[in-house]
Amino acid sequence: GENVEQHPSTLSVQEGDSAVIKCTYSDSASNYFPWYKQELGKGPQLIIDIRSNVGEKKDQRIAVTLNKTAKHFSLHITETQPEDSAVYFCAAIYWGKLQFGAGTQVVVTP
Amino acid sequence: GAVVSQHPSWVICKSGTSVKIECRSLDFQATTMFWYRQFPKQSLMLMATSNEGSKATYEQGVEKDKFLINHASLTLSTLTVTSAHPEDSSFYICSARDLVRGRAATYNEQFFGPGTRLTVL
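Note that the protein sequences, when read in sequence, are chains A and B. Going left to right, the first sequence walks through residues 1 to 110 as my numbering numbers them. Going left to right, the second sequence walks through residues 1 to 121 as my numbering numbers them.
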């Protein structure tokens with residue numbers, strides 16, 4: 001099956017700085033990699049995704065990169081704001097099912 | 001668009017009772033819905049995949065007789081936790097795949113509900 005590892009588990013950044021979260025996956029058959037933001041007591045919200053035929057995707061302050069050879073993908077958040085504070089999960093699709101990473105608690109301090 | 005709701009948002013019940021959680025796709029039809037469980041400070045763990053009109057497929061280690069899933073229509077799936085015990089206390093989250101957009105082989109997006117907090121006393 002698919003195994004997704006996510007680092008770091010916690011990330012503290014100053015407002016305005018960048019945040020980077022990295023994930024690795026194990027099965028080369030995975031072809032869809034979404035990132036979710038989860039605020040306390042709420043369901044996960046898709047913030048960006050990337051498919052295996054694309055190396056990079058950007059949406060305003062958020063970007064995701066994918067290295068299929070190395071089987072890793074990363075989330076980049078630039079110009080962080082306090083409202084970016086949340087838990088972020090990466091995931092990989094495997095036979096139609098999402099396998100989630102362990103999550104990263106991001107804290108943006110003013 | 002692509003809104004998924006869950007009801008109730010939270011529930012407290014006594015040990016031994018059963019609790020039903022509803023998951024609805026509000027503005028799209030969902031051929032497939034997924035049920036996840038999330039313990040505090042942990043990731044989402046897939047419990048089962050629910051397909052409209054057929055039996056749910058459970059992940060290894062999930063008791064199908066304890067977690068009953070019914071996907072009676074293209075917009076509603078229910079999860080019933082039977083004979084609930086304190087260890088079943090958790091955050092239950094559903095997600096749904098869009099029927100129309102999901103026909104594309106490359107389409108994999110799931111839309112998540114807001115979750116249901118279950119506390120068993």
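Possibly wrong hints are sitting among the right ones.
[As the list claims (entries may be wrong)] In the BS3-like style, the derived pairs of lysine-lysine whose C-alpha atoms are separated by at most 25 Å in a straight line are: (1) A:Lys-97 / B:Lys-20; (2) A:Lys-97 / A:Lys-57; (3) B:Lys-14 / A:Lys-37; (4) A:Lys-97 / B:Lys-66; (5) A:Lys-22 / A:Lys-68; (6) B:Lys-64 / B:Lys-14; (7) A:Lys-71 / A:Lys-57; (8) B:Lys-41 / A:Lys-42; (9) A:Lys-97 / B:Lys-14; (10) A:Lys-71 / A:Lys-58; (11) A:Lys-22 / A:Lys-71; (12) A:Lys-68 / A:Lys-42; (13) B:Lys-66 / B:Lys-20; (14) A:Lys-42 / A:Lys-22; (15) B:Lys-20 / B:Lys-64; (16) A:Lys-42 / A:Lys-71; (17) B:Lys-55 / B:Lys-14; (18) A:Lys-22 / B:Lys-41; (19) A:Lys-37 / A:Lys-22; (20) A:Lys-97 / B:Lys-64; (21) A:Lys-68 / A:Lys-58; (22) B:Lys-55 / A:Lys-37; (23) A:Lys-37 / A:Lys-71; (24) A:Lys-57 / A:Lys-68; (25) A:Lys-58 / A:Lys-22; (26) A:Lys-42 / A:Lys-97; (27) B:Lys-20 / A:Lys-42; (28) A:Lys-42 / B:Lys-14.
To be clear, the hints were calculated from the coordinates, so they are not data collected in a lab.
Structure-based check of each hint:
Taking the CA atoms of A:Lys-97 and B:Lys-20, the gap is near 24 Å; set against the 25 Å cutoff, the hint holds. Our distance criterion of 25 Å between C-alpha atoms is met by A:Lys-97 and A:Lys-57, whose separation comes to about 22 Å. This hinted pair does not check out: B:Lys-14 and A:Lys-37 have alpha carbons roughly 32 Å apart, beyond 25 Å. A C-alpha spacing of about 22 Å is found between A:Lys-97 and B:Lys-66, which places the hinted pair at or below 25 Å, so the restraint holds.
Using a Cα cut-off of 25 Å, the hinted pair A:Lys-22 and A:Lys-68 holds, with the two alpha carbons roughly 14 Å apart. Restraint check for B:Lys-64 and B:Lys-14: the C-alpha separation of about 21 Å stays at or below 25 Å, so the hint holds. With a C-alpha separation of about 16 Å, the suggested pairing of A:Lys-71 with A:Lys-57 holds against the 25 Å cut-off. For the given pair, B:Lys-41 sits about 13 Å from A:Lys-42 by alpha-carbon distance, which is consistent with the 25 Å threshold.
The suggested pairing of A:Lys-97 with B:Lys-14 is violated, with an alpha-carbon distance near 33 Å, which exceeds 25 Å. Between A:Lys-71 and A:Lys-58 the alpha-carbon distance is near 19 Å, which keeps this suggested pair within the 25 Å criterion. At most 25 Å may separate the alpha-carbon atoms for a hinted pair to count; A:Lys-22 and A:Lys-71 meet this at roughly 11 Å. Between A:Lys-68 and A:Lys-42 the CA atoms are separated by roughly 31 Å; this puts the pair beyond 25 Å, and the hint is violated.
The straight-line distance between the Cα atoms of B:Lys-66 and B:Lys-20 is roughly 12 Å, inside the 25 Å bound, and the hint therefore holds. Taken as a hint, the A:Lys-42 and A:Lys-22 pair is honoured in the structure, with Cα atoms around 23 Å apart against an allowance of 25 Å. Straight-line distance between C-alpha atoms of B:Lys-20 and B:Lys-64 comes to about 14 Å, which keeps the hinted pair within the 25 Å bound. At most 25 Å may separate the alpha-carbon atoms for a hinted pair to count; A:Lys-42 and A:Lys-71 exceed this at roughly 30 Å.
Restraint check for B:Lys-55 and B:Lys-14: not satisfied, since their Cα atoms lie roughly 28 Å apart, outside the 25 Å limit. With a C-alpha separation of about 19 Å, the suggested pair A:Lys-22 and B:Lys-41 falls inside the 25 Å cut-off, and the hint holds. For the hint pairing A:Lys-37 with A:Lys-22, the CA-to-CA distance comes to about 14 Å; that is within 25 Å, so the pair holds. A threshold of 25 Å between alpha carbons decides the hint, and for A:Lys-97 with B:Lys-64 the separation of about 18 Å falls inside it, so the pair holds.
Distance check on the hinted pair: A:Lys-68 and A:Lys-58 sit about 18 Å apart at the alpha-carbon level, within 25 Å; holds. For the hint linking B:Lys-55 to A:Lys-37, the alpha-carbon distance of about 31 Å lies beyond 25 Å, and the restraint is violated. The hinted pair formed by A:Lys-37 and A:Lys-71 meets the criterion: a straight-line CA distance of about 22 Å does not exceed 25 Å. For the proposed pair A:Lys-57 and A:Lys-68, the alpha carbon gap of about 14 Å is at most 25 Å, so the pair holds.
For the hint pairing A:Lys-58 with A:Lys-22, the CA-to-CA distance comes to about 16 Å; that is within 25 Å, so the pair holds. For the suggested pair A:Lys-42 and A:Lys-97, the alpha carbons sit about 21 Å apart, so the restraint of at most 25 Å is met. Distance restraint check for B:Lys-20 and A:Lys-42: the Cα-Cα separation of roughly 19 Å lies within the 25 Å cut-off, and the hinted pair is therefore satisfied. Only pairs whose Cα atoms come within 25 Å are accepted, and A:Lys-42 paired with B:Lys-14 is accepted, the gap being roughly 24 Å.
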